[in-house]
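K.L.:
Sequence:
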Amino acid sequence: FPVTILIRESEINKDKILPYTFDNKSTDEMGESTYVYSFKTPQNTNKYIVQFTSEGAGAGYYERIFSTTGRESNLSQTGENLPFTIYRTVTAITLDFLDRANKDHDFDTLIIAPISDQRSIIVKKFTNDYIAPKYKVEYIDEGGKELVVIKNKPRSKQ
Numbered sequence: 001f002p003v004t005i006l007i008r009e010s011e012i013n014k015d016k017i018l019p020y021t022f023d024n025k026s027t028d029e030m031g032e033s034t035y036v037y038s039f040k041t042p043q044n045t046n047k048y049i050v051q052f053t054s055e056g057a058g059a060g061y062y063e064r065i066f067s068t069t070g071r072e073s074n075l076s077q078t079g080e081n082l083p084f085t086i087y088r089t090v091t092a093i094t095l096d097f098l099d100r101a102n103k104d105h106d107f108d109t110l111i112i113a114p115i116s117d118q119r120s121i122i123v124k125k126f127t128n129d130y131i132a133p134k135y136k137v138e139y140i141d142e143g144g145k146e147l148v149v150i151k152n153k154p155r156s157k158q
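Just so we're aligned, residue 1 is where the sequence shown starts under our numbering, counting upward by one.
Check the hints yourself; a few may be wrong.
[Stated by the list, open to error] Below, simulated DSS-like cross-link-like pairs (lysine-lysine); rule was C-alpha separation at most 30 angstroms, straight line:
| no. | residue 1 | residue 2 |
| --- | --- | --- |
| 1 | Lys25 | Lys134 |
| 2 | Lys151 | Lys125 |
| 3 | Lys124 | Lys25 |
| 4 | Lys145 | Lys47 |
| 5 | Lys125 | Lys16 |
| 6 | Lys125 | Lys136 |
| 7 | Lys25 | Lys153 |
| 8 | Lys40 | Lys145 |
| 9 | Lys151 | Lys103 |
| 10 | Lys134 | Lys103 |
| 11 | Lys103 | Lys40 |
| 12 | Lys25 | Lys40 |
| 13 | Lys151 | Lys40 |
| 14 | Lys16 | Lys134 |
| 15 | Lys40 | Lys125 |
| 16 | Lys40 | Lys124 |
| 17 | Lys136 | Lys124 |
| 18 | Lys136 | Lys16 |
| 19 | Lys124 | Lys145 |
| 20 | Lys25 | Lys103 |
| 21 | Lys153 | Lys125 |
| 22 | Lys145 | Lys134 |
| 23 | Lys40 | Lys16 |
| 24 | Lys151 | Lys25 |
[As the list claims (entries may be wrong)] Restraint-style ranges between C-beta atoms, simulated for each label pair:
| no. | residue 1 | residue 2 | range |
| --- | --- | --- | --- |
| 25 | Asp141 | Thr21 | 31 to 37 angstroms |
| 26 | Arg100 | Lys47 | 27 to 33 angstroms |
| 27 | Gly144 | Thr45 | 28 to 34 angstroms |
| 28 | Lys47 | Ser26 | 17 to 23 angstroms |
| 29 | Asp99 | Gly143 | 17 to 23 angstroms |
| 30 | Arg119 | Gly31 | 28 to 34 angstroms |
| 31 | Thr21 | Tyr130 | 15 to 21 angstroms |
| 32 | Lys145 | Pro19 | 27 to 33 angstroms |
| 33 | Val149 | Thr27 | 21 to 27 angstroms |
| 34 | Met30 | Lys151 | 22 to 28 angstroms |
Honestly, the hints are just simulated from the structure, not real lab data. In this text, a Cβ means the ideal position worked out from N, Cα and C, and glycines have one as well.
Could you build the full structure based on these sequences and the hints that come with them?
P.N.:
Rendered as structure tokens:
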């Protein structure tokens, strides 16, 4: 049953992006920046927060974290059966962040750490399809867990 839903959802909605908002960019007293986005699923069941948080002032090194609000655990499935639509939306948000942070001269490296092997497959698919054409993407094994590393491509000399 769930496999059928995933196949159908992937065929119908693979390129669907849910409406999202860029909520804010904040910088703390240490100079570390956080970009925050949000979106809701069509059923308004869950609100998702996508954050890009820097490590150190001016380092240009970010980590992407996304989660749902109002749930005890973000490690479990939401039951909405929309993994491709949700990940495509998160990928669109990631591209928006990369472009926005690049304009702010605030981006060198983004790390994405999928929370499971199953989710890693989806993250890699959307990263390869939508982010890799514009940014350099590497996959690094860190203690048996694969990390997605997105680097700003060198700017062309003018």
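K.L.:
Which hints from the list above does the structure break, by number from lowest to highest?
P.N.:
Failing hints, ascending: 26 and 29.
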